[in-house]
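S.K.: Take a look at the letters that make up each chain.
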Amino acid sequence: MEHAPKRVLVCADLDTVQDGTVEPPMPSPTEDSKTSTTAPNAFTCIAPDVRLGKNVKFSKFINLYGCEVGDDTKIGAFVEIQKNAKVGKRCKISSHTFICEGVTIEDEVFIGHNVTFVNDMFPRATTNGALQTEADWRVETTLVKRGASIGSGVTILANVVIGEYALIGAGAVVTKDVPAHAVVSGNPGRVMRYFESRGQQ
Amino acid sequence: MEHAPKRVLVCADLDTVQDGTVEPPMPSPTEDSKTSTTAPNAFTCIAPDVRLGKNVKFSKFINLYGCEVGDDTKIGAFVEIQKNAKVGKRCKISSHTFICEGVTIEDEVFIGHNVTFVNDMFPRATTNGALQTEADWRVETTLVKRGASIGSGVTILANVVIGEYALIGAGAVVTKDVPAHAVVSGNPGRVMRYFESRGQQ
Amino acid sequence: MEHAPKRVLVCADLDTVQDGTVEPPMPSPTEDSKTSTTAPNAFTCIAPDVRLGKNVKFSKFINLYGCEVGDDTKIGAFVEIQKNAKVGKRCKISSHTFICEGVTIEDEVFIGHNVTFVNDMFPRATTNGALQTEADWRVETTLVKRGASIGSGVTILANVVIGEYALIGAGAVVTKDVPAHAVVSGNPGRVMRYFESRGQQ
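First to last, the sequence lines map onto chains F, A and D.
Mapped onto this note's numbering, the consecutive letters of the first sequence carry residue numbers 1 to 201.
Mapped onto this note's numbering, the consecutive letters of the second sequence carry residue numbers 1 to 201.
Mapped onto this note's numbering, the consecutive letters of the third sequence carry residue numbers 1 to 201.
Hints should not be assumed to be uniformly reliable.
BS3-like mimics (lysine-lysine), calculated; alpha carbons at most 25 Å apart, straight line [said to hold, decoys possible]: (1) D:Lys145 <-> D:Lys74; (2) D:Lys176 <-> D:Lys83; (3) F:Lys57 <-> F:Lys86; (4) A:Lys57 <-> A:Lys145; (5) F:Lys74 <-> A:Lys74; (6) A:Lys57 <-> D:Lys83; (7) D:Lys74 <-> D:Lys86; (8) F:Lys83 <-> D:Lys57; (9) D:Lys145 <-> A:Lys74; (10) A:Lys83 <-> F:Lys57; (11) A:Lys54 <-> A:Lys176; (12) D:Lys86 <-> D:Lys145; (13) F:Lys54 <-> F:Lys83; (14) A:Lys145 <-> A:Lys74; (15) D:Lys74 <-> D:Lys54; (16) A:Lys86 <-> A:Lys54; (17) D:Lys74 <-> F:Lys83; (18) D:Lys57 <-> D:Lys74.
Pair by pair, the computed Cβ-Cβ distance ranges are [as the list claims (entries may be wrong)]: (19) F:Lys57 <-> D:Arg193: 16 to 26 Å; (20) D:Arg138 <-> F:Arg51: 48 to 58 Å; (21) A:Ala130 <-> D:Lys176: 48 to 58 Å.
Per the computed footprint, the stretches of chain F lying under chain D, defined by three or more beta-carbons under 8 Å from a beta-carbon of chain D, are [to be verified]: (22) 96-103; (23) 120-126; (24) 136-147.
In short, the hints are calculated from the structure, not lab data.
We put the beta carbon where it would ideally sit given N, CA and C, even for glycine.
Pulled out of the complex, with its shape left as it was, chain F reads as follows (with noise of 0.2 Å):
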């Protein structure tokens, strides 16, 4: 992330609500032209610990913590981006998707609604009957390369990496890596052709 965040925003919850020290909903239009990152409003969540890129939109309802998004990128509604999870720029990160640790997502990359990414391909809620922390497992990761676009509905397993301009299907569930300018689809997601030019139909 090139350009470090104009400012860190805070979670506008109960406290800060009272006291007033988030900044305003719904900016207006003669906000300070010097910061373009567009305020949080009273349903959204961003710690402070996340690292904010110019121009970055919210929709309402989002929890951000630990996390990077490039400049220009939009957040919609409902989604959780996650530390250590980094999301590039001029990205669109479309409502009800979840974005977990472990998840690099590079610039240009189109992500539909209700994406589920995952990094942990077997899950427990205990060790020896006690709830499992971090110590107990490795995050594994997923990448998602420049330009690539994933359909509504999808779910990307771990230790995935998704090419350059491919296209996930909606609905599709990928399961293993996916080849720059493919288009998959199906559960689990499948190769069905390619696009011959980088960004084509």
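Got chain F; can you put chains A and D on it based on the hints?
M.R.: This is chains A and D only, laid out in the frame that chain F set:
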């Protein structure tokens, strides 16, 4: 929408929480009987341009803008309905569901939990390196006809018509038109059988 | 639920925000050590009839009513748990998950992100032209047995029992009973193999 909404509900965001202009949550049984529209609560964001019929009921954490919702319809938690989407009368829209621009839902339709509609079959985040705007794509449409039921966890691709009283089984991915009274399941969704008469199981 | 909740948490909605009767968000490390139940925050709606065990932990944007949740269980963002659902002790309920009436989840179960349960196999919005009420259908049940893990993006149909320590792979659609220690994936879900011993991978 034959019945003009009695009032336009505004987003219960930080401003309105502070200045007290929103309707009270949890309306009491003695509220004004002339309007049966359930008042929003502090967790509900309904933009001023939403056209609501009579007696629409809301759960919590809802994001509606620019859409129409008919009389007596119920809307669950974590639902987003976008501009230019239309939902008929006496529908149930269950939690975690996303209804996008271009979707028309007729009367008496059941939409399960976590249902996702699609309006762009070849989505991209950017065009020539700049974030796409509305000028960069054509909204594709979906029609769900009277009395149909969409099971939970279903994804419905764009350019699809779902016939009257059809039933889409939970977890299906609908990729093409569904005849009236058909029962569909799987990914891709296939017709398994037909109801003999409307509404029959 | 052996342990009576120390206190009943109320929905932090507009009224309670205004009159200050809700528990403070973001409890400080110095809070009363006699109760380890994490206090709700301004984004959490927990109805007064929810029965919580000890030390239940909540993320943001949560809607619970009429359900039971056991000791030490963690509940993620954008989760709804309906009345008459039961969640055991030391479970993890991940973000975007919907647990409906009729679902029983035993102890030490992992529920991934965006998991959807079902309690009505033939849903309809209306009966004879009027919106269905609870009198119009029978709640169908689902049981997830001790130590099982449900992957992210899974849909579980009604009338299903998932055996102890079974693992449902991400994106699967479970349509019938799953034996103990089985590993299931696909749509419809099929048993791929068995763990040799409980908790094994």
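S.K.: Please go over all the hints and tell whether each is borne out by the structure.
M.R.: Okay, the hints, checked on the actual structure:
1. D:Lys145 <-> D:Lys74: holds, 17 Å
2. D:Lys176 <-> D:Lys83: holds, 24 Å
3. F:Lys57 <-> F:Lys86: holds, 16 Å
4. A:Lys57 <-> A:Lys145: holds, 21 Å
5. F:Lys74 <-> A:Lys74: violated, 29 Å
6. A:Lys57 <-> D:Lys83: holds, 18 Å
7. D:Lys74 <-> D:Lys86: Between D:Lys74 and D:Lys86 the Cα gap is close to 14 Å, so the pair holds against 25 Å.
8. F:Lys83 <-> D:Lys57: Holds - the C-alpha atoms of D:Lys57 and F:Lys83 are around 18 Å apart, at most 25 Å.
9. D:Lys145 <-> A:Lys74: violated, 33 Å
10. A:Lys83 <-> F:Lys57: Roughly 18 Å between the alpha carbons, so the hint for A:Lys83 and F:Lys57 holds.
11. A:Lys54 <-> A:Lys176: Between A:Lys54 and A:Lys176 the Cα gap is close to 33 Å, so the pair fails against 25 Å, i.e. violated.
12. D:Lys86 <-> D:Lys145: holds, 12 Å
13. F:Lys54 <-> F:Lys83: Holds, at roughly 19 Å.
14. A:Lys145 <-> A:Lys74: With a Cα-Cα distance of about 17 Å, the restraint between A:Lys145 and A:Lys74 holds, given a limit of 25 Å.
15. D:Lys74 <-> D:Lys54: holds, 11 Å
16. A:Lys86 <-> A:Lys54: With Cα atoms ~15 Å apart, A:Lys86 and A:Lys54 stay inside 25 Å; holds.
17. D:Lys74 <-> F:Lys83: Given that 25 Å is the threshold and the Cα spacing comes to 17 Å, the pair holds.
18. D:Lys57 <-> D:Lys74: Measuring from Cα to Cα gives roughly 5 Å; hence the hint holds.
19. F:Lys57 <-> D:Arg193: 16 to 26 Å: For D:Arg193 against F:Lys57, whose Cβ atoms are near 45 Å apart, the range 16 to 26 Å is violated.
20. D:Arg138 <-> F:Arg51: 48 to 58 Å: For F:Arg51 against D:Arg138, whose Cβ atoms are near 51 Å apart, the range 48 to 58 Å holds.
21. A:Ala130 <-> D:Lys176: 48 to 58 Å: Given about 49 Å between the Cβ atoms, the range holds.
22. 96-103: n = 3 at 8 Å, threshold three: holds.
23. 120-126: holds (count 5)
24. 136-147: violated (count 0)
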